[in-house]
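Participant: Sequence:
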Amino acid sequence: MASQLLYLGLLFTMTIACACAQGAESNEEPKIDMGLSLVPGPHVILVQRNMKTPVLLNCSLNVTDQKLLPLNYKWLKDGQPIDVIHRKSKMQLLPNGSLLLQPRRTKNRNRTLDGVYDCLVTTATKHVLIARRVKVVVASIAKNFSKEPTSKDAYKGGVARFECNIRAEPVASYIWHRNDTQLPQDDERFTSLRSGVLQISDIDLSDAGLYWCQATTYLFTSQEQIANFGWKKGRRAELKVKSDSSARPPTLLASPQNISILAGDTAEFECFADGNPLPSVVWKKKDSDLTFGPQKVSRHGNLRLVQVAPDDAGVYECTVTGRGKTLKASATLTVL
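Residue numbers for the sequence shown, in mature numbering (1 follows the signal peptide of the UniProt record, and there is no 0): -21 to -1, 1 to 315.
It should be emphasised that the hints constitute simulated quantities derived from the structure, not laboratory data.
Check each hint, because a few of them may be wrong.
To be verified - Taking CB as the label site, the calculated pair distances span:
no., residue 1, residue 2, range
1, Val23, Ser222, 45 to 55 Å
2, Ser267, Pro228, 47 to 57 Å
3, Pro82, Pro256, 25 to 35 Å
4, Ser119, Arg214, 51 to 61 Å
5, Ala242, Gly58, 18 to 28 Å
6, Asn158, Lys31, 12 to 22 Å
7, Arg214, Thr270, 37 to 47 Å
8, Asn51, Lys265, 25 to 35 Å
9, Asn158, Ser222, 17 to 27 Å
10, Val294, Pro82, 45 to 55 Å
11, Gly243, Gly58, 25 to 35 Å
12, Gln274, Val63, 23 to 33 Å
13, Val42, Arg168, 53 to 63 Å
In this text, a Cβ means the ideal position worked out from N, Cα and C, and glycines have one as well.
Build out the structure end to end from the sequences listed, making use of the hints.
Facilitator: Structure follows, in structure tokens:
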């Protein structure tokens, strides 16, 4: 059971609090005391499509003010009341107010569990509280890739780029292989981005071979869990490496793309360039004097912004310079 619960994830909690008027006219902090508190729980619950154990949505409360008892619990799913009385219902209301979701045996398995669940609590004093809001997400992965790597030629000392992408919930995690061997995690020449992109720099003749990706959801961490859920394997693409050392003008293999993310997340823009000699890449925020040093710009030219804030929103521009030629590309960061 414990291992199954590892598949479950977060839960979006609304805090129950009431600021008393006491101290409002002084410099004292207002005291908060409602006589009850919520037992902590996760924010979004992730479940496997073929799960065989029930899922618990916790809504238990610690009550210190006996005048609030008894408590009456009611659950909504996507804003609609849940019928826990119906004999065919797969949802059971427990005495402490928690909701137990039983596995489905329908054709779509547990897909119908998807949704936002609200736990409403009515006290004996007739106060109604949204004690908890839980989002249940059923893990899934598409049958086919939307993007797969294509064969290409590269030059010794230059760079190359492959891309995989597959629709998954939660977002997919990717592992890259050359021929039948997983690429080393400690070789800085290989960078695997969360978007499914593989970047190779300082290419050597030994890097030639067949490259392919595997994808699963990041929900699973152990090989046993992954085996149960299944990897998706992309097609193989050949990398041919040429030893030609003649000069080449700079070219952009990947320009930055617009990004919309939540505050606190990480944004990563590509500005992946090739040429001989390798061109320089400089990033700046447009309409500002802000430029970025090596702490935020990788050796591959990627700009990585960690824990973005609303002030980080704007247009970011990369400038690629080499052999007297300059290339520019830009993209917009939107912080939600």
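Participant: Take the hints in turn and mark each one as holding or not.
Facilitator: Hint check results:
1. Val23 with Ser222: 45 to 55 Å: holds (51 Å)
2. Ser267 with Pro228: 47 to 57 Å: violated (30 Å)
3. Pro82 with Pro256: 25 to 35 Å: violated (60 Å)
4. Ser119 with Arg214: 51 to 61 Å: With a Cβ separation near 21 Å, Ser119 and Arg214 fall outside 51 to 61 Å, so the hint is violated.
5. Ala242 with Gly58: 18 to 28 Å: Given range 18 to 28 Å: holds, Cβ gap about 26 Å.
6. Asn158 with Lys31: 12 to 22 Å: violated (37 Å)
7. Arg214 with Thr270: 37 to 47 Å: Cβ of Arg214 to Cβ of Thr270: about 40 Å, so the range 37 to 47 Å holds.
8. Asn51 with Lys265: 25 to 35 Å: Once the Cβ atoms are compared, 56 Å apart, the range 25 to 35 Å for Lys265 and Asn51 is violated.
9. Asn158 with Ser222: 17 to 27 Å: Distance hint for Asn158, Ser222 holds at roughly 20 Å.
10. Val294 with Pro82: 45 to 55 Å: holds (48 Å)
11. Gly243 with Gly58: 25 to 35 Å: holds (27 Å)
12. Gln274 with Val63: 23 to 33 Å: violated (53 Å)
13. Val42 with Arg168: 53 to 63 Å: holds (59 Å)
Going down the numbered hints, you'll see the structure goes against 2, 3, 4, 6, 8, 12, while the others check out.
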